[in-house]
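2 protein chains.
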Amino acid sequence: MTDALVFDAYGTLFNVHSVLARCEQFWPGKGAQLSQLWRAKQLEYTWQRSLMRRYLPFSQLTKDALEYACEFLQLPLEEKQTELLMRQYLDLETFPDVPAALRALKGHKLAILTNGSPDMIGPLVANRGMEMSFDAVLSVDALQVFKPAPQVYELAVTSLKTPRERIGFVSSNCWDALGAKCYGFTVYWINRAGAPVDRLGFQPDKIVTGLNEILP
Amino acid sequence: MTDALVFDAYGTLFNVHSVLARCEQFWPGKGAQLSQLWRAKQLEYTWQRSLMRRYLPFSQLTKDALEYACEFLQLPLEEKQTELLMRQYLDLETFPDVPAALRALKGHKLAILTNGSPDMIGPLVANRGMEMSFDAVLSVDALQVFKPAPQVYELAVTSLKTPRERIGFVSSNCWDALGAKCYGFTVYWINRAGAPVDRLGFQPDKIVTGLNEILP
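From first to last, the protein sequence lines stand for chains L and A. Under our numbering, the residue at position 183 of the first sequence is numbered 823, and the numbers go up by one with no gaps. Under our numbering, the residue at position 35 of the second sequence is numbered 675, and the numbers go up by one with no gaps.
These are calculated hints, taken from the structure and not from any lab test. There may be inaccurate statements among the hints.
A pair holds if it fits inside one copy or across any two, identical chains being indistinguishable in the list.
[Claimed, not checked] Below 35 Å or equal to it, Euclidean Cα-Cα: the simulated DSBU-like pairs (lysine-lysine) are:
| # | residue 1 | residue 2 |
| --- | --- | --- |
| 1 | LYS846 | LYS703 |
| 2 | LYS846 | LYS801 |
| 3 | LYS670 | LYS749 |
| 4 | LYS746 | LYS720 |
| 5 | LYS670 | LYS703 |
| 6 | LYS670 | LYS801 |
Keep in mind the model is a prediction, meaning the values are calculated, not measured.
Just chain L, same shape as in the assembly (with noise of 0.2 Å):
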C-alpha cells in the first residue's frame, strides 16, 4: 500500500454518462450518440487547448463541447436545455462500488486530481456527500493545463507532501493512468469497459474492473 491514494474523479468516481437520460429525454434516440461526442469533444478540447496554450476552465469547455455536438448532430439546444445539463454535471451518480469503496479506506490519505474546475468538482464532491472522505480536492485549474501533463500530477505530490514514489493513483481513463505512470505514481487502471490499453509507453501497474480491487 502507498501512503496516499489520488482518484482522478469524471469516469473514475463520477460517471459522465448520468447526464443520459436527459439528453434522451430532450433528444429522444440520440441520448447515447450525444453523450458519447458530449464526452469525447470535452476530453479533445482539454488536450487542444492546453497545447494551444489557450486553457479555459473545464466548466466553459464542458459547455463548448456540447454545443458542439448539438450541431454536429443536428440537434437543437435552447439555453435551457444547455442549462439543465450543465447543472446535472454537478449532481453526476457515483458508480456503484465507490461508496463502500471510500468506506473501507476511511483513515487513508485520500485526494482527488482533477480537470474539474472548482466550480464543478466542488459542487459535485458536495451534492454526494463526499466532502468529509477527502483531504483534498486537487484542481488542474491551478495550473491553467490539463492532464496528463507531468506538472499536474505533481500537485499531488506538493500538496499531499507524499512524494511521488509513495502515491497511488486511480483513474479508469487509461491515458490519465499511464501520464501518471510515466510521472511516477504507482497506477491503478480501473478498466471498467474492457477496453484495450492505450500505447503510450507505459503499462499500469495494476488493471482492475472496480474499485474493490485496489483495497488494502
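With chain L held as given, fit chain A onto it using these hints.
Same frame as chain L, now just chain A:
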C-alpha cells in the same frame, strides 16, 4: 493573397481513409470502423504524448494507433498486415481538388507543415510526384511536439522567412486551422464534411469546401 501558403498534409492534401479498401479486404465489414478509430487514436496520441512530453515520430504513433484500434475492435492483426497498411500510408491518395489547385498556385511560395515524420511525409510526397510543388516540407519532428502547439506553426515563419501575418494556412482539420489562427496566420478551413466549427476560441478567416475556393 498572402506571401506564402502553408498546407497541412494528412486529411487536407492526402486522404487518410485511402487505407479503407485494404482494411475492408483484411477485415470484411469492419473497414470503415477501423479506419475511423485508427485515425482518431492517431490524433489522440499526438496530443497526449505532446502533453506527456513523450514525443515519438508520427510513423511509430500511427502504428501504435493501428494496433490499439485492431485490439479494440477485436480484429486479429498480423505483422504482414501492419506492414502493408503502413506502406499504404506512404501512398495515400490526394483529394480530387488537389492537383488542379497546386497547378494553379505554381509560382507562389508553397509549403507543407505536417505532424508526419520525414520517414512518412517524404516518401508520400515523392510517390505522389509532388516534390516540385513545394518550396519546403516541414515536419514537427524537428521540434518533438505535435500540433496545435504554437512552436509548430512558428516553424513555417522561420523556414519560409515570411512573417506570420503574411502566411496563409490551409487545413481540413478544424482544430489545426484554429491552432494556426491562434498563432497568427490567415486561415482557410477546408470543411469537406460539413462539420461545425470547433469551439476553441477562434474562427477561421474563410471556410471553404474545396481548394479551388482559395485560389487567387
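- Task: Starting from the hint list further up, note which numbers the structure goes against and sort them upward.
- Result: 3, 4 and 6
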